[in-house]
Structures are given as C-alpha cells and as structure tokens.
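Protein chains: 2
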Amino acid sequence: MESSQTSSAKVTSGFIEELKKIVGNGNVSTTSAMREQHGHDESYHVTSLPDAVVFAQSVDHVSKVAKLCNDNGVPLIPFGSGTGLEGGINATLGGVSLDVSQMTKIVAVNAEDFDCTVESGVTRMNLNSFLRDTGLWFPVDPGADASLCGMCSTSASGTNAVRYGTMRENVLNLEVVLADGRVIWTAGPNKRCRKTSAGYNLTNLFVGSEGTLGIITKAIIKLYGIPESIVSAVVHFPSVQGAVDTTVQILQCGIPIARLEFLDEVAIDAFNKFSKFNMKVSPSLFLEFHGSSSGVKEQVQIAEDIVKGNGGEDFKWATDPEERNRLWKARHEILYACTALCPGSKPYSTDVCVPISHLPEIILRSKEMVKEANLIGPMVGHVGDGNFHIFFPVDEKNPKELDAIKDISHKMCLIAMELSGTCTGEHGIGIGKRDLLEKELGKDCLDVMKDVKLAFDPKMIMNPGKVFL
Amino acid sequence: MESSQTSSAKVTSGFIEELKKIVGNGNVSTTSAMREQHGHDESYHVTSLPDAVVFAQSVDHVSKVAKLCNDNGVPLIPFGSGTGLEGGINATLGGVSLDVSQMTKIVAVNAEDFDCTVESGVTRMNLNSFLRDTGLWFPVDPGADASLCGMCSTSASGTNAVRYGTMRENVLNLEVVLADGRVIWTAGPNKRCRKTSAGYNLTNLFVGSEGTLGIITKAIIKLYGIPESIVSAVVHFPSVQGAVDTTVQILQCGIPIARLEFLDEVAIDAFNKFSKFNMKVSPSLFLEFHGSSSGVKEQVQIAEDIVKGNGGEDFKWATDPEERNRLWKARHEILYACTALCPGSKPYSTDVCVPISHLPEIILRSKEMVKEANLIGPMVGHVGDGNFHIFFPVDEKNPKELDAIKDISHKMCLIAMELSGTCTGEHGIGIGKRDLLEKELGKDCLDVMKDVKLAFDPKMIMNPGKVFL
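These protein sequence lines map, in sequence, to chains A and B.
Every letter in the first sequence is one number past the one before it in full-length UniProt numbering, and letter 163, counting from 1, is 163.
Every letter in the second sequence is one number past the one before it in full-length UniProt numbering, and letter 128, counting from 1, is 128.
Chain A extracted, bound-state conformation:
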C-alpha cells in the first residue's frame, strides 16, 4: 500500500500561507527545532521531519487544515503528546504535523453517569487531577502522561487494564475529523449511553487506528469511582517461573486484581538505580488490589497463599497513598530507568501479548535469547493481560547491537503468533511492525483493512506510511 504522496514538495510557501490563514501566523511553525520535536516519538525510530507544524486551537481549525491538506495531497500527521513507541507520529513522508495538544478543555464531567468529555489535548494526569474532588478517576494508565485522544488513537492500555480494560472498553464516543474535513461523532453527536446497537461500531474502529483514518478531536470516556480501599504490594521470587505461575493462578482464581506487573531481575536493578529503591534483585511482581475494605482483605489473603505456594517472599505492603504513589510513579518510569542503564541510549521496546497459559513459555524463551545474544534486556510485563515488554537500551551508533535487538524482537513476535498471540499488545504497528502485520492477520484480512483505509481516506493523506507497508 504505497502512498500516493510523493514528497513534501507540495508544502509550498503558498500552502504555508493558507495554513496561516486558517490558524493564525503564530500557530504555524517551520523552524528546525519545532519540526525536529515533532519528527519523532520516545522510541529509537529514526526522526522524520514534517515540513510544517500546525497548532490547532479548535475542531474548526482541524477540519479546515485537513481539507486543505486533502485538497493538496499533503500528508497530515496528528500529534498528541509524542509519547508513542512505534514511530506513529514520525513524518516519514513529510507534510504537516497537526499538533492538537493545545485543545485542553474538559468539556463535561457527568459524575452521576460516570463519564466525561475531553478535548484532544487533555492528558490522563490533567483529567485525574481535575477529577480529584469528585471521587472519580480514569484508570487506563500507559505510564506516560499521554493525551487521552492519543491513547484512543493507539488503543493504549498499561498497568490497570487487567481490571479496567484498555481504551477499547472505555471509550463511548469520539468526535473525529475525517481526511476531507467532515466532522463526525462516531456514535452520534454527544451520545453517551453505555450500550448502542445503532449502526456500525465506528468508535472502536477509530480506537487503535493510529491516526490513519482521521483525527480524534474529542472523546467521551468512562469514569470509575475511586475504590474505598487500595492496597499495593511488591513480592520477590527465586525464579521467573514462580512469578509467572503466580500470575496465572491469581487470574484463574478470579481475583479481580487491579494491577499485576512483572519485573525481572534486570528491570528491578534498573528500577533500584533510577528511582532510589533498594529492592531485592530478583524476579518480582507488583500487585494492587481495589475494592471495599473487606473485599480487598479477602483478595489479599488468597493472593498471599498463591504467592507463598510459588516461593514468593519479602512481601512489601504499601497501604498509605504516598508510599503507593512513589512505588507506581517509579514503576511508570521504568522505560526511562531501563534506558538509563546505558547512558546516551534510546529505548527499544518489544510488545508481545499471548494467552496467559502461554506466558511461561514465551517469557523463558525470550530471556534465553537475550542471554545468548549477551544483551541487557530488562523485562517488564502487564502479565495479567499476557502482555510484556523487553526495554532494550540501544546505542544508535552501534548498528550491530540494533540488529541483534531487532532480531530478538522479531523472533519474539513470531513466537507470540505461534502461541495464538500478537506482535503488539498495546504499542501499535506504527512504522516498526508493518512487516509483521500480514503474517499476523493473513493477506485477505490485511486487504480488507486497506479497503477500510481507502473508504475513509481515498487520497491517503492521513498519517501515510504507518500501519501498512
């Protein structure tokens, strides 16, 4: 699916003037610094500069910029917070990076219905601090303080998904600007009912579409009551197998655990060094329980028995909020902690996901490959979902090292597929995994996706060069 866009030659000075007419002079930038900042996400992927960066202040801006780009065949790349890990916002074919991070209105909070409406620039932390006094929160938490509409776009998930689901399960409706500038609500204007059978589920077609079908400008998302009781714990195991077996058994017991995170000994070492902890350097689980006081007590008791049965020891409990926040803040900085193991490096993250019964096999095989290649490969997993990462610190100036890492990542994807799993549980395809998509889905399925893409974006201006080769 080669894009019909040829190059950035279409972004002429006249085109830039048209952009300025729409959004105002101050909201268009062609400086190297701004283009550089918008030419890469947080991953190792090579920077690709857009020709111009446009800061939209309204849906109307987004709509008019899209129409202008569509009329002129100019690539249009939606930019949220730039915290992705598969090069989703890199301007591989040049064009306009449309930064929607300045649209930061929390449009409505319907506390009694457990939902809210946010503009594209509202980040998950913005929202949760705004909600603080309502007793509500939005739990999906990919670690980075990503924009919520960006999280929709990449189908983000993270540490709480085992209990609260991913973005797929938490978005009720989206306002979307299509490639030609039309503005739609995927479930009808301002609809926010919990269920609907009215027409196709366009909401979940846009969730995870990585900016290739349109630009998400508003999201109506579910909220949850802050649990009466929250208890976190860290527990260490003599072996990876013990930690993984514990995970599988906790889930199979039906404990409604809120977080169930695995860190291997290399990740714990990185964690200790970066976040000034002094944990035992061994395979570990970070757990969190949400519920009523007595409900949490019951969950904890069952989990403790399972942990002990698998050789877990040194339970460290964090019940007071400060201690808990310190623990999870550090856990969420693990990508940076792993990168800091090799100063000057960038993170290369794998992202496979398998049915939980296959976790032990793929984790052990992956660790074996890392060992054989003599690499530093800290492993961190949302193992409750069967999803885990190796956060390799990669030296960009060492192509041999990058090749070895790429080789392992590729092999892990193949193993995941062989075990009824996927090459990406939450980071998306971006530019990094386009070559794997046909293998995972089959040619006919991929062809159908391309047909869907063309139905939304016949001129192929929306984030070209992503998802599809």
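It is worth saying that the hints were derived from the structure and are not from the lab.
Hints may contain errors.
The list treats identical chains as interchangeable, and a pair is accepted whether it falls inside one copy or across any two copies.
[What the hints assert, rightly or not] Cross-link-like lysine-lysine pairs, in silico, DSS-like; alpha carbons within 30 Å at most:
| # | residue 1 | residue 2 |
| --- | --- | --- |
| 1 | Lys67 | Lys273 |
| 2 | Lys222 | Lys443 |
| 3 | Lys459 | Lys439 |
| 4 | Lys67 | Lys367 |
| 5 | Lys297 | Lys222 |
| 6 | Lys443 | Lys21 |
| 7 | Lys400 | Lys346 |
| 8 | Lys20 | Lys459 |
| 9 | Lys367 | Lys105 |
| 10 | Lys450 | Lys67 |
| 11 | Lys64 | Lys443 |
| 12 | Lys105 | Lys439 |
| 13 | Lys64 | Lys10 |
| 14 | Lys439 | Lys222 |
| 15 | Lys406 | Lys346 |
| 16 | Lys297 | Lys308 |
| 17 | Lys346 | Lys329 |
| 18 | Lys20 | Lys67 |
| 19 | Lys439 | Lys64 |
| 20 | Lys64 | Lys450 |
| 21 | Lys443 | Lys105 |
| 22 | Lys411 | Lys222 |
Take the given structure of chain A and dock chain B to it, following the hints.
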C-alpha cells in the same frame, strides 16, 4: 442507499442447481414452509420470503455460497436462530437465506485462558450446558436461546450486561466469510490474546453489523468463572420512581451487581399469569449478586439499605439454584408473557437506552404516553445499562393500534436521542429503525458507514435492505 438488487428473478432453477452442487440436494429447500420459517424473526415485522433456504454444513459451504450469490448479484441473508426483534433476517428483497444453525461444533475450550471457540450454530444454552463441569460459563444472556454468532452479529446483551458487558466486550476474534467468499479471521487466524493493537479492530466492526458486512462462521469469546456465591432477589416498590432511583443509587455506589432488571406493574401482571407466580403487582426490581460469599453479603447489605430508603418492600430472596433458575427462566420468557396478554398478538418491542441519570425522565414520559393512548404496554428494562423495553402485544389485524404503538415507539426514540441516548440499545436497526439512524448519527456519520459497507460488499448482496434505507 437503495440496493442494486432488483428482485429474486436472479434465483433461477439453474442457480438453485448450483447451490445444490455446493451443499448437496438435501441442504437446499424452496418449500413454502421452509421459506416462511426463514422469512421472519420473533417480531411483528411483516414476513418477507427468501427464494431459497440453504443449510450450510461448513465454512467452505458458506464461502462457496457467498461467492455464487456475489457473482450472480443474489441477496444473501445469514440466518442463525431467528430470534431477533427488528426483522434482521427477513428477506426483504428475496434471495438466499443461509441457515448456519447446523454448524454446531464447540471447537475449543481453553479453560486456563478463559476462552472458547464456537461455530455459528452453537447457542448460548448449548455452550453453557457443555461448560457445566468446567466451572466456567458465558454470561451474556439476551433471554432467547440465540446462536452465539448471531448474538455477535446483532451486538446482543441482556440481563447480565451491567456486570459482564455486551457482546462487544466479550468477543476476541471472529471467523468471517466476506461477500465474495474470502474467509478471514478479524484478529488473525486463531488469535485469542486478551489485547491487541495490530491493525484495525475489525472484530468490533463485525459485532453489531447485522449480517450486512459478511457472515460470521466462528467466534472466539471470553468465558468467566462461575461465581462462588450467587444470590437473587425480587423487591417491590410503591412507585416507578422508587425503583428507578434505587437503580441509579446502586450503580453510583459502585456495587458490582450482576443483574438489575426493572418490571413495571403491567409486566409483573403478565409475568404472574404466564409463569404462575404470585408476586405483588407493583413496579419491581429483579436483582442478582455474584461474588465470594462475604463479597455478596456485603453487596446485599448495601443494596438492601438503598432499597429501603426508596420505599422498597417484600424482599424475596432466591439463594438455592432451583428457585433462582425458575425466577430467571420466567424473567426471560417475559416477551412471550407480555404477548400472551392478548392472545393471537405479536410482540412489538421498543429498545431505547440512555445515560442512567436520564432514566427516571424517559421512563415516566413513556409510561405517560402509553396511558394516554390507552394501550397495554408492559415495561421491562435492563435498567443497570440505562436500557429498557416496552413489549406491546400487537394485533396485526388492527392497523390503528399498530400505528399508535409505532407513534409511541418513535417518540420514545426521539426522547432518548434528546437525552444523549440511542434508539436501540441491543435489538439493532434491522428494518424497523432505518428511518431513525440518520437522525441519531448525523448525515456525515451515516455516509461513512455506507462507505464502510461498500468497502466490504461492493455488490450490496449482504442482507440488503437492513440498517440502511
């Protein structure tokens, strides 16, 4: 979106012979009785006969029949259990009714991963009785013993959705035969991981597509552990307001209630008569709690306090399985009970869904309209989702009555839309609500859905005349 199919003139004797070559003589029927049986669902919608009924025995059959129909421009209507309520399987333009109910294999149960794979003819009761000894179950329960793939197709939900979600949240992957005969898995062949970000979410595009994009031949769905403790209760209220306020407060307290069903006094009367109960004839809630023994006790205690605070009385508890099954079996026969209020009538079901804070308003306004029109309108609701029905018994020979009912149903849909809700929470658009879809979604959104339809089915053979006008 007029279909390009003109009529059933294309179903020639030569075409019938071709069908027989694919599936065998015994699996093609053109008898009036068989065509009649496949020309309508359980609703009041006028029967529309297919020209032929084909019983597929395999995916290969489905694929070849689809290709033949596509090559000849013959309408193709997937038929599961025929238990729909919006005329989704009626052959409004003739053509072939493709009955997939004989493909009844439970392909795999992965108990340790809480998932299973079923063929298109497996019904929800088939599956649950097959699972009985595993400690697992599939909770989505629309009442009728519908086929699971049919439930995918209509995005079914029902009484358990407040806790376990609708089909949208419970399908991991689908095998689908496209209009031209290609067979795809929407998330890649046999993939069954809990999370994926690999390409577009075609799975949830097919869920709720009502047979207009392809034929679902296999589904991989989530399973759940049977709760340690299950307690049901019925409680009566002096007013509708008390029952509805109780609903809203139970949800706002965060009780993880498994079922939360409303029946008004008219529905209770029908229920008593049809299922030989002797309940107090007043607005009532049917509740069910799932969890550990102590967890359920805690839920029940909080719920009881809320019920009492709203004037609820006469709590009737059903803790032993037999009593509970009798209660819910009767609750699930309520459509038939309501129809039996007027012998010889057919059911006309409304199906609006709103954010729960708007439930009191729309329920009271709807009841007022029924009263003013002097109609029998028993009201039954999955009120935990904000979704409720009036099951009007309608005399087909009384067009005036039908018009009055249609008028109220239409007005209820408009009120729901005005209150951020939908004209259909779970029954779908079918042929009954096509005229409302544009009002609900907006023209541009509807146009996008039509583009998606054309991307999958350019010759418009798949269940033509449904969803779109």
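Cross-check of the supplied hints:
Neither within a single protomer nor between protomers do Lys67 and Lys273 lie at most 30 Å apart by alpha-carbon distance, with minima of 49 Å and 62 Å respectively. Taking the shortest Cα distances, Lys222 and Lys443 sit within 30 Å of each other only across copies (26 Å), while inside one copy they are farther apart (35 Å). Proximity of Lys459 to Lys439 under the C-alpha cut-off of 30 Å is found in both arrangements, the shortest distances being 26 Å within a copy and 29 Å between copies. For the identical chains of this complex, Lys67 and Lys367 are neighbours neither inside a copy (49 Å) nor across copies (47 Å), given an alpha-carbon limit of 30 Å.
Taking the shortest Cα distances, Lys297 and Lys222 sit within 30 Å of each other both inside one copy (27 Å) and across copies (27 Å). Taking the shortest alpha-carbon separations for Lys443 and Lys21, only the inter-copy value of 29 Å comes in at or below 30 Å, while the best intra-copy value is 44 Å. For the homomeric pair Lys400 and Lys346, the shortest alpha-carbon distance inside one copy (15 Å) is at most 30 Å, but the shortest distance between copies (73 Å) is not. In this assembly of identical chains, the alpha carbons of Lys20 and Lys459 lie at most 30 Å apart only when taken from the same copy (23 Å versus 44 Å across copies).
With identical chains, the CA atoms of Lys367 and Lys105 are never at most 30 Å apart, being 44 Å at best within one copy and 38 Å at best between copies. Taking the shortest Cα distances, Lys450 and Lys67 sit within 30 Å of each other both inside one copy (22 Å) and across copies (21 Å). For the identical chains of this complex, Lys64 and Lys443 are inter-copy neighbours only, at 19 Å across copies versus 36 Å inside a copy, given an alpha-carbon limit of 30 Å. Only between protomers do Lys105 and Lys439 lie at most 30 Å apart by alpha-carbon distance; the minimum there is 27 Å, versus 41 Å within a single protomer.
With identical chains, the CA atoms of Lys64 and Lys10 are at most 30 Å apart within one copy only, with a shortest distance of 17 Å there and 47 Å across copies. Taking the shortest Cα distances, Lys439 and Lys222 sit within 30 Å of each other only across copies (24 Å), while inside one copy they are farther apart (34 Å). For the homomeric pair Lys406 and Lys346, the shortest alpha-carbon distance inside one copy (14 Å) is at most 30 Å, but the shortest distance between copies (63 Å) is not. Taking the shortest Cα distances, Lys297 and Lys308 sit within 30 Å of each other both inside one copy (17 Å) and across copies (28 Å).
Proximity of Lys346 and Lys329 under a CA criterion of 30 Å is satisfied intra-copy only: 20 Å inside one chain copy versus 60 Å between copies. Proximity of Lys20 and Lys67 under a CA criterion of 30 Å is satisfied intra-copy only: 14 Å inside one chain copy versus 52 Å between copies. In this homomeric assembly, Lys439 and Lys64 come within 30 Å of each other (Cα to Cα) only across copies, at 25 Å, whereas the closest approach inside a single copy is 38 Å. In this assembly of identical chains, the alpha carbons of Lys64 and Lys450 lie at most 30 Å apart whether taken from the same copy (25 Å) or from different copies (24 Å).
For a Cα distance limit of 30 Å, the shortest separation of Lys443 from Lys105 across copies, 26 Å, qualifies, whereas the shortest one inside one copy, 42 Å, does not. In the homo-oligomer, the alpha carbons of Lys411 and Lys222 lie at most 30 Å apart only across protomers (28 Å), although the nearest pairing inside one protomer, at 37 Å, exceeds that limit.
Violated hints, listed in ascending order, are 1, 4, 9; each of the other numbered hints is respected by the structure.
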